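Make a model of the complete structure from these sequences and hints.
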Amino acid sequence: MAKNSSPGLRWQRDLPDATVRYFQDFLPHKEADQLYTTLLREIPWRQDDVKVFGKVYAQPRLTSLHSNSLSTYTYSGLTLHPHPMTPALLDLMEKMRQVCDHPFNCVLLNLYRDGADSNGWHADNEKELGKHPQIASFSLGAQRVFHFKHRRHKDQRHKMELHHGSLLLMEGAMQEHWLHQIPKTKKVSDPRINLTFRHII
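Whatever position you read off the sequence shown (first residue = 1), add 132 for the working numbering.
The hints are simulated quantities; they were obtained by calculation from the structure and are not laboratory data. Misleading hints may appear alongside valid ones.
Across the chosen pairs, the derived CB separations fall in these ranges [claimed, not checked]:
hint: 1; residue 1: L222; residue 2: G262; range: 19 to 25 angstroms
hint: 2; residue 1: P315; residue 2: W177; range: 18 to 24 angstroms
hint: 3; residue 1: H254; residue 2: P148; range: 18 to 24 angstroms
hint: 4; residue 1: K259; residue 2: P176; range: 23 to 29 angstroms
hint: 5; residue 1: D180; residue 2: P219; range: 22 to 28 angstroms
hint: 6; residue 1: R245; residue 2: S201; range: 27 to 33 angstroms
hint: 7; residue 1: G262; residue 2: H161; range: 31 to 37 angstroms
hint: 8; residue 1: G262; residue 2: R173; range: 32 to 38 angstroms
Nothing here was measured: the structure is a model prediction, and the numbers come from that model. Even for Gly, the Cβ is constructed at its ideal location relative to N, Cα and C.
Here's what the structure looks like:
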């Protein structure tokens, strides 16, 4: 892990084909608490069905897509129509832009109601994201463990805890060469909100 002088940056890891930066205290605790409460109350959460190997399942989490510039967005076989950005989301996105210097125009929110909710191995590599997209993943609420592994180098497997108010940046060719997941756990009973900011072409 290499230290970096960027404000709030806890550590940076240069991986094969990718870079991961982690800001553990990206948002002050009190501000993170307020945003968590606001999003739980204001976001139109929904649970979609997904087809896996020919069978239909309810996604093991709730989601909501927001953008002021997109008409539709497709991921994991789902075509979604974004809701407008709320003032709270716009404010957070501006904070992301200041740190990342990246023109985010969309955010996908996931609500993990407890440890039984999860997100399996995947990459954010939809064609709408372009080549080597930058993904900004912001966490609120319960602490969950984030796993990531290289597609080819089997010895390259890592995991880390994502704290309340933290920001994880996935950069370089991360989405091309790596997979990530939030697995189920019996150790967590409280909700977690994850917001992934991205730029849709």
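Hints, one by one, checked against the model:
no.: 1; hint: L222 with G262: 19 to 25 angstroms; result: 23 angstroms, holds
no.: 2; hint: P315 with W177: 18 to 24 angstroms; result: 21 angstroms, holds
no.: 3; hint: H254 with P148: 18 to 24 angstroms; result: 19 angstroms, holds
no.: 4; hint: K259 with P176: 23 to 29 angstroms; result: 26 angstroms, holds
no.: 5; hint: D180 with P219: 22 to 28 angstroms; result: 26 angstroms, holds
no.: 6; hint: R245 with S201: 27 to 33 angstroms; result: 30 angstroms, holds
no.: 7; hint: G262 with H161: 31 to 37 angstroms; result: 35 angstroms, holds
no.: 8; hint: G262 with R173: 32 to 38 angstroms; result: 34 angstroms, holds
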